[in-house]
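Q: Which chain is which? The protein sequence lines are Z and R, in order. Sequential numbering from 1 applies to the first sequence in full-length UniProt numbering. Sequential numbering from 1 applies to the second sequence in full-length UniProt numbering.
Read the hints as simulated data drawn from the structure, not as lab findings. Owing to the predicted nature of the structure, the values given are computational and were not obtained by experimental measurement. Take these hints with a grain of salt, some might be off.
The list treats identical chains as interchangeable, and a pair is accepted whether it falls inside one copy or across any two copies.
[As the list claims (entries may be wrong)] Derived DSBU-like pairs (lysine-lysine); straight-line CA-CA distance at most 35 Å: (1) K71 / K86; (2) K100 / K86; (3) K83 / K71.
Number of protein chains: 2
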Amino acid sequence: MPESAPGRFASATAVRRENDARYSATLAEGWDIAGNANGGYLLATLARALRDASGKPDAVSVTAHYLSPGKPGPVDIDATVLKAGKTFTTVTGGMTRDDKMLLHATGTFGDLSSRATTVERVEGAPPQLPPPDECVRVEGTSGFPPPMMNNIDLRMHPDDVGFISGAPHGRAQVRGWFRLLDDEPLDSLGLLLAVDAFPPTAFNAALPVAWTPTVELTAHVRARPEGGWLRCEFTTRFVTGGFLEEDGVVWDDSDRLIAQSRQLALLPRQH
Amino acid sequence: MPESAPGRFASATAVRRENDARYSATLAEGWDIAGNANGGYLLATLARALRDASGKPDAVSVTAHYLSPGKPGPVDIDATVLKAGKTFTTVTGGMTRDDKMLLHATGTFGDLSSRATTVERVEGAPPQLPPPDECVRVEGTSGFPPPMMNNIDLRMHPDDVGFISGAPHGRAQVRGWFRLLDDEPLDSLGLLLAVDAFPPTAFNAALPVAWTPTVELTAHVRARPEGGWLRCEFTTRFVTGGFLEEDGVVWDDSDRLIAQSRQLALLPRQH
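Go ahead and model the full structure; you've got the sequences and the hints to work with.
A: This is the structure in structure tokens:
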């Protein structure tokens, strides 16, 4: 049986191992927002190198600090194993271009297929979404929505797209479906893309901002997704001190919670 | 006016700068749980070194990965500035003993007194707590509650202490007051202690666990606390895949949200 070609997400986030502690990669065209690579795309690429260095199959917890915007082109990645354990291995490293660090991340990696699930207690349910075909497919443009939307399949809840036409509903909430294109299977690295792919909650909250740059983003993965579609919901409760958090909850097609994310974002000063 | 002696928290978390990239510290007796230093205490000590290396006054976002337990005694801390900016400086580093890393953290530091607060939107309110004198002061023991409780002033909501006598209320929730002793003022490093000082929510949820070791903890600080008491609330929504999250919300005496925290903790396998 011929090996199938890697999907477009796997190709765009591919890393080359140069040695034990060093990888290289090329940030692809078409995964950017106004010329700069999407944060989730950057994170998935860096995490692919860190995961490789860990020798474990799954990202369990990954935290990234966004330091400089990154345009398409070659980057270097360093990876340092902090602790290699039987259950988890923790790796830290940065993505740099010309000695300028774009992104730094630390991740704990493991094997989610081996995790015990004898005790379960879930307070919450997946967001109620119309079927994907009745949601609004976000199409990429050279401005907003960003070009990356043509490389993923993101369908927003019809109630949450008012901000596009200048009529946000006023709640700091964004809900929708997410999957990779071309039936590319989605693993924990794809989840890292998903948690930063949706429009900011601030747009629906009608906050007077055009952008909310990420300071820090952490994603926790509980299980490998089953099926192609993710049900995603992002909310913000606290806009204060010049910051806002964005909390993501990701469920798979089987209504299982598979990931949580939180990012601290900056409310740019008003001029 | 004579300079006042450093408080017991400042003393216990003091770091000595050896050079640009290296600090030393001594983990103090009495801040442990069953012999191992409390996670928030470890984090505050490491963050004090990283903050010093940043040259900024406040911890804004700090993420820690817990790698090995740490007993009282000397430790080394390395600190690497990833990006020094006008607004924020991001520093990463680890705390080691005998070349074994106990804890690794990455933090973004800044000056919270200068943050714009023109846009505010808060969906939520501080936990409703009886006054501190009507709450339950947790006293340290050599077992549980841990000795650290004698070095802080932690008062739990009377409704949330049932687990101590074997009668948990069944909700994954812990609420209470927190302050440093001897009127020691509390800054963003004290907040890092506070967010890991309360008993696990799992105890009130009546989950069959005696411990829930932390894999990763992130704290976001929105403002410097005003007044001595913090109002704290910790909840868990998702116990699944062998993990649980613990979400903290911290308010100050003026009813301002000043911090959020989230940790991913491990549900030990049942035997």
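Q: Can you name, in rising order, the numbers of the hints this structure does not satisfy?
A: No numbers; nothing is violated.
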